[in-house]
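Chains as they are written, first to last, in this note's numbering: chain A, 8 to 180; chain B, 39 to 127; chain C, 33 to 150.
Just so you know, not all the hints are guaranteed correct.
[To be verified] Covered by chain C, according to a simulated footprint, are these stretches of chain B (three or more residues, beta-carbon under 8 Å):
hint, region
1, 50-56
2, 70-76
3, 84-95
Hints in this document: simulated from the structure, not taken from any laboratory. Yeah, the Cβ is synthetic: ideal placement off N, Cα and C, and Gly gets one too.
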Amino acid sequence: MNFINTLLPTPARSLLLFVVWLLLNNSVAPIHLIVAAVLAVLIPQLTAPFRDPQPPIRRWGLALRYIGRVLLDIVLANLQVIKLVLGPNKNLRPGFVLVPLAITEALPLTILAGTVSLTPGTVSAEILPYQLHENSAKPKFLLLHVLDLQNEAELIASIKQRYEQPLKEIFQC
Amino acid sequence: MLNQIVLIAMIGIGIALLLNLWALLRGPSVPDRLLALDTMYINSIALLLCYGIYAASSLHFEAALLIAMLGFVSTVAVCKFMLRGDIIE
Amino acid sequence: MTWLEWIIALLVIAGTLFVLLGSVALIKLPDFYTRLHGPTKATTLGLGSLVLASMVFFNFIEQQLNLQQLLIALFLFISAPVTAYMLIKAGLHQKLAPTAGTQQQELMKQRDKLAKGE
C-alpha cells in the first residue's frame with residue numbers, strides 16, 4: 008500500500024492522464040497502454056513541486072450530480088442568452104454584481120467561477136482580493152457581469168444556493 | 039441527404055467566420071479584437087468537425103485539437119501581456 | 033435517412049445555429065462586457081453539439097470506435113471560462129467604458145480597493 012502511495016501520489020490525476028493519452032492516440036494497442044502508464048506515473052511526480060495543496064473531493068456522488076446539473080444549466084442558459092441576443096438591444100439591462108462568498112479555497116473558487124461563467128447569463132470577472140495564499144482566511148468576493156440584471160438579491164441567492172452550497176459540501180470546506 | 043445538411047451547416051459556420059472577421063476589423067478596443075480572434079479559433083474548429091463528417095474521415099480531429107490548444111494558449115498569453123506588459127515574469 | 037442520421041442532422045443544425053448566434057452577438061451587442069457573453073456560452077454549446085454529432089456519426093454509422101472528439105469538447109468546456117475570465121480582466125484593466133445604462137458601474141472603481149483586501 009505504501010509503495011502505491013509513493014508511486015501514485017494523486018491517483019485521480021494519473022487516471023485522467025492515462026485516459027487522455029489513450030484518447031489522443033485513439034487506440035488501446037499494448038504500446039500505447041505502456042506509454043500511457045509511464046506518463047501517468049511520471050508526470051504527477053515531476054509536476055508535484057509546482058502544485059499547491061488542494062482540498063480533496065470528499066463526496067463523489069454529489070460531484071457527479073453537480074456536473075449533470077451544470078450541463079443542464081448550460082443548455083438552459085444558452086436558450087436565455089439567445090433570446091436576449093435576438094431581441095432589441097434596449098431591452099438589455101447589463102450590470103455588475105458583487106457576490107460575497109463563503110468558500111476560500113482556491114480549487115472550489117476556480118470551479119465556482121468557471122460554472123458561473125458558463126451558466127446563467129453571467130460572466131465572472133474577478134475574484135477579490137487577489138492573494139489567495141497570503142490572506143486565505145479573508146472573505147472573498149466574486150465580481151460578475153450580468154447580461155440581464157433584474158433582481159440583484161435574487162441572483163446572488165440563487166448562485167449561492169445552486170452552486171456554492173453543493174461545492175461546499177463536495178469539498179467539505 | 040446528410041451530406042447536404044452538413045454542407046448547409048458549413049455555409050452557416052462560414053458566415054459566422056465572416057462575422058468574426060468583421061468584428062476583428064471593427065474593434066474598437068484591443069480586448070474586443072482579441073475576443074473576435076478567439077471566437078474565430080473556435081469557429082474554425084467547428085468548421086473542421088463539420089468537414090470531418092462530410093468527408094467521413096477522422097483525420098481532422100487532431101488538427102482541431104491543435105487549433106483548440108494553440109487558440110487557448112495564445113489568447114491567454116495576449117491577455118497576460120495586456121494585464122502586465124509582460125508574458126513570463 | 034435512418035433515425036440515427038436524423039439525430040445527427042438535428043445536432044449539426046442546432047450546433048451551427050448556436051455558433052452563428054454567438055458570432056451575431058459579437059457584432060450586435062453594444063459594449064465589450066456584453067459581447068463577451070455570446071462567444072463564451074453560445075459558441076461553446078454549439079461546438080459541444082457538433083462534437084456530439086460527429087461522435088454519433090463515427091461510432092454508429094461508420095462503425096469505428098472513435099472517442100477522440102470527446103477530448104476536444106472536454107478541453108473547450110474547461111478553457112472557455114478561463115479565456116472569458118482573462119479577457120474580462122484585461123478589459124477591466126484597460127478601463128473599457130461599459131454601455132450607458134449599465135447598473136452598478138461604481139463596482140469597476142471599487143475593485144482596486146477590494147483587490148488589496150480592504
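Against the structure, the hints come out as follows:
Under the rule that three or more residues need a Cβ within less than 8 Å of chain C, the assignment of the region 50-56 of chain B holds, with 5 such residues. With 5 residues having a Cβ less than 8 Å from any Cβ of chain C, the region 70-76 of chain B passes the three-residue criterion, so the hint holds. Under a criterion of three residues with beta carbons nearer than 8 Å to beta carbons of chain C, the stated coverage of the region 84-95 of chain B is upheld, 6 such residues being counted.
Checked against the numbered hints listed earlier, the structure breaks none of them; every hint is satisfied.
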